[in-house]
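Protein chains: 2
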Amino acid sequence: MEPVNIGLLGLGTVGGGTVTVLTRNAVEIARRAGRGIRITHAAARSYDAERIEGLGEIARIGEDAFAVVDDPDVDIVVELIGGYSPARELVLRAIANGKHVVTANKALIALHGNEIFAAAQARGVTVAFEAAVAGGIPIIKALREGLAGNHIEWIAGIINGTGNFILTEMRDRGRDFADVLAEAQALGYAEADPTFDVEGIDAAHKLTILGSLAFGIPLQFDKTFTEGIGAIQAQDVAYAGALGYRIKHLGIARRAADGIELRVHPTLIPHRRLIANVDGVMNAVLVKGDAVGPTLYYGAGAGALPTASAVVADVVDVARVLTTDPTNRVPHLAFQPTELVDTPVLAIENVETAYYLRLTALDRPGVMAGIAGILGEEGISIEAIQQKEPAPGETHVPLIMLTHRVRESCMNRALARIEASGAVQGETVRIRMETLAG
Amino acid sequence: MEPVNIGLLGLGTVGGGTVTVLTRNAVEIARRAGRGIRITHAAARSYDAERIEGLGEIARIGEDAFAVVDDPDVDIVVELIGGYSPARELVLRAIANGKHVVTANKALIALHGNEIFAAAQARGVTVAFEAAVAGGIPIIKALREGLAGNHIEWIAGIINGTGNFILTEMRDRGRDFADVLAEAQALGYAEADPTFDVEGIDAAHKLTILGSLAFGIPLQFDKTFTEGIGAIQAQDVAYAGALGYRIKHLGIARRAADGIELRVHPTLIPHRRLIANVDGVMNAVLVKGDAVGPTLYYGAGAGALPTASAVVADVVDVARVLTTDPTNRVPHLAFQPTELVDTPVLAIENVETAYYLRLTALDRPGVMAGIAGILGEEGISIEAIQQKEPAPGETHVPLIMLTHRVRESCMNRALARIEASGAVQGETVRIRMETLAG
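Chains as they are written, first to last, in the working numbering: chain A, 1 to 438; chain B, 1001 to 1438.
Worth flagging that the hints you see were computed from the coordinates, not collected in a lab. Source: prediction; values computed, not measured. Virtual Cβ for every residue (Gly too), placed ideally from N, Cα, C. Check the hints yourself; a few may be wrong.
If you want the footprint, here are the derived chain A segments under chain B, 3+ residues with CB under 8 angstroms [to be verified]:
#1 21 to 29
#2 57 to 69
#3 286 to 300
#4 323 to 333
#5 401 to 414
Only some residues are given here: those of chain A computed to face chain B with a beta carbon under 10 angstroms [as the list claims (entries may be wrong)]:
#6 G36
#7 T40
#8 E145
Simulated restraints, written as ranges between beta carbons of each label pair [said to hold, decoys possible]:
#9 L1322/B <-> L322/A: 32 to 42 angstroms
#10 T1323/B <-> A59/A: 32 to 42 angstroms
#11 A1384/B <-> K388/A: 54 to 64 angstroms
#12 D1073/B <-> T195/A: 23 to 33 angstroms
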């Protein structure tokens, strides 16, 4: 068979990695795909030619990305520029030109995926995006195909390596957030502007995609609740550890009785869970299906070669469907486009979770009973309570509580009452808690 | 689109589970597949009609499996009888009849897969076997498609749940093998005849399949080295634990410089590895690709519904290719049939591993030096050595050693010399050791 011609947009970290993997493993990839795969046209505004193994094999490298998507010899466009624009325009034009697309762009898919998939569907082409979630881990393939027989109940994933690195360092060395972040930036694990990672936006992009694949709902990034790790303190990491929990920044998608939960936030999880032991920059996604039970997928969530691994897997997949009837392909969002349903995404106030609470309570008889009383009145049952020793001369002591599951709006009301009661000072620390069981 | 008609062979554990999953999740599966999937004809010699949810939906249930594979209305034959015969004849006849096949039969694929895939290839049909390895974990899809861009370096898997349950119980409770095996049989985790599980044959079937998928070699069950867990003693589990290791029964497939390693045996691995923490009946497969790095896939490796999850995923996959051109499908063994290579599988004597050794050594000055001397002469370097306290009145003491990597034939020679030297009594315990790093 004729080789497949790739048009590559972007020669940065992932673009360079893709060139390297396609070059280094060319023979083995062709043995699998049944045909050669070669980059015939690439575009990048700038790149480091010395650093990219295999760059010399590319017949044509220019600066004009639109020239690549308009190139009649290109079969598959691989978009590795990132960001919203011009990535969106390029992908839509590639589709209009009848080309298949492979992208690693989670932001683009999370925000513009509905539009892009509709266009692809209408034109009979495929847009593949395995690299958009959890780097090299084939989680999209697992959800979309490997678990196709299941009713998915929930997903919980460590899907941002930077955040997980920071939380791991905080735990292992008892260090503070700001301190570890600075080190992560120095090591290149965190961007100079760490907002997307630390505030959970990157994880929310990925969770939006996972939620759609799991539940057959349209992509709704704006409804995904997002809370970052910037407020996590070393003492809470330590208290959680002493109680047998670890704090992980999780993306959680769950079917509840009255809607879908899509939420990214720091979460206490039991330290014996496999996913609680996923440390450093590694990613892992835990998926609970009704038939299969819990399954976990672990690997590198970022980096040039791991992400390129997913890009190339998509290219091989797409190369296989080049000659197939579009109606028989795996649907973009796991469910047939006509079969997506509009199950509501729940506002965070309507989500039920257990909680870890740390209050700074007045060290006086009756105070703890008063706090417990308010919680009880709001329907919140306490699983464990610990009052720490007061520091010499301190009038207040840390009071740690673990609660059973409760609706967030009830917790909001209870904490407002407790804070207004004068029994505590400062703001209450609260971190959601999940058992990730059954 | 017309629904797909399934002909089901076998209504035992997995067959019953498959009926249940296809019934319970019928709507959701059709939303994914784009067409309904229904069992139109099933055959079983006996079955428990009360136990199988959805059995009433099957139009025709008989005793003649050949009538199912000859039924012109059946599109896909799902073989869940197990064993070699008549499963082999049924699958070959289904293929001859132009039907696609889905099977969970690891023994059949490991021993007769080459013949079956050649027949399927010639007839233009697909034989899918995700359920044959690691139950509900989509590991075959991950290896064959998700990691298609990688040069796979090695695989290490906990791929027999019974064996893992026994080793977990031995570790957690300090109990002996025979004791735990009896309990596993009582709980239904182990068969009345546990040979296939505890001697590693079941794991070897699965490893044979994984090795072919990873390295593009024909299936060669007869060359897969197999050692069971029956000789593992409680004291070795404890000594390994004290040294920071756990003993797991692993299937390991590895590319070495001079060939492929395919081996199933008890293995010491560092307790901090994620896979070392996979306990009870759960399975996990660790795959190291050159681009993606290490990835891990975890889930239930057996059971009615988890295995059915994999069967149904295969059915959905096959339903999608019903109308496609056979040359563009995913190849059975990941590589195109013309691209399989005959890389030799190494005899175990030529495999290099590190070792845990427990010798029962004469408690006399100079003995340890003599043993270390023999190891040194055979080119074996020692990483750690521990001499335990002698019991009162005992002339011999346990001597625990960890070695660096060495070719098995050298270790055989060294141990024969040590045993002949009179410095030790009884047989030396040796367990292979892997770091599973990089």
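Hints versus structure:
Three residues within the 8 angstroms Cβ limit are the bar, and the segment 21 to 29 of chain A against chain B gives 6, so the coverage statement holds. Residues of the segment 57 to 69 of chain A lying with their CB closer than 8 angstroms to a CB of chain B number 0, which falls below the three-residue condition for coverage. Only residues whose C-beta sits within less than 8 angstroms of a C-beta in chain B count toward coverage, and the segment 286 to 300 of chain A has 12 of them, enough to reach three; the restraint holds. Note: the segment 323 to 333 of chain A has 8 residues with beta-carbon separation from chain B under 8 angstroms; the three-residue rule is met and the coverage holds.
A count of 0 residues in the segment 401 to 414 of chain A with a Cβ less than 8 angstroms from any Cβ of chain B is obtained; the coverage claim is therefore unmet, three being the minimum. Because the closest C-beta pair between G36/A and chain B is about 12 angstroms apart, greater than 10 angstroms, the hint is violated. At its closest, the beta carbon of T40/A sits 18 angstroms from a beta carbon of chain B; the interface hint therefore is violated under the 10 angstroms criterion. The closest approach between the C-beta of E145/A and any C-beta of chain B is roughly 6 angstroms, which is under the 10 angstroms cut-off, so the hint is satisfied.
The supplied range of 32 to 42 angstroms is broken by L1322/B and L322/A, whose beta-carbon atoms lie about 18 angstroms from each other. The given range of 32 to 42 angstroms is respected by T1323/B and A59/A, whose C-beta atoms sit roughly 35 angstroms from each other. For A1384/B paired with K388/A, a C-beta distance near 41 angstroms fails the hint of 54 to 64 angstroms. Taking the beta carbon of each, D1073/B and T195/A are about 59 angstroms apart, not inside 23 to 33 angstroms as hinted.
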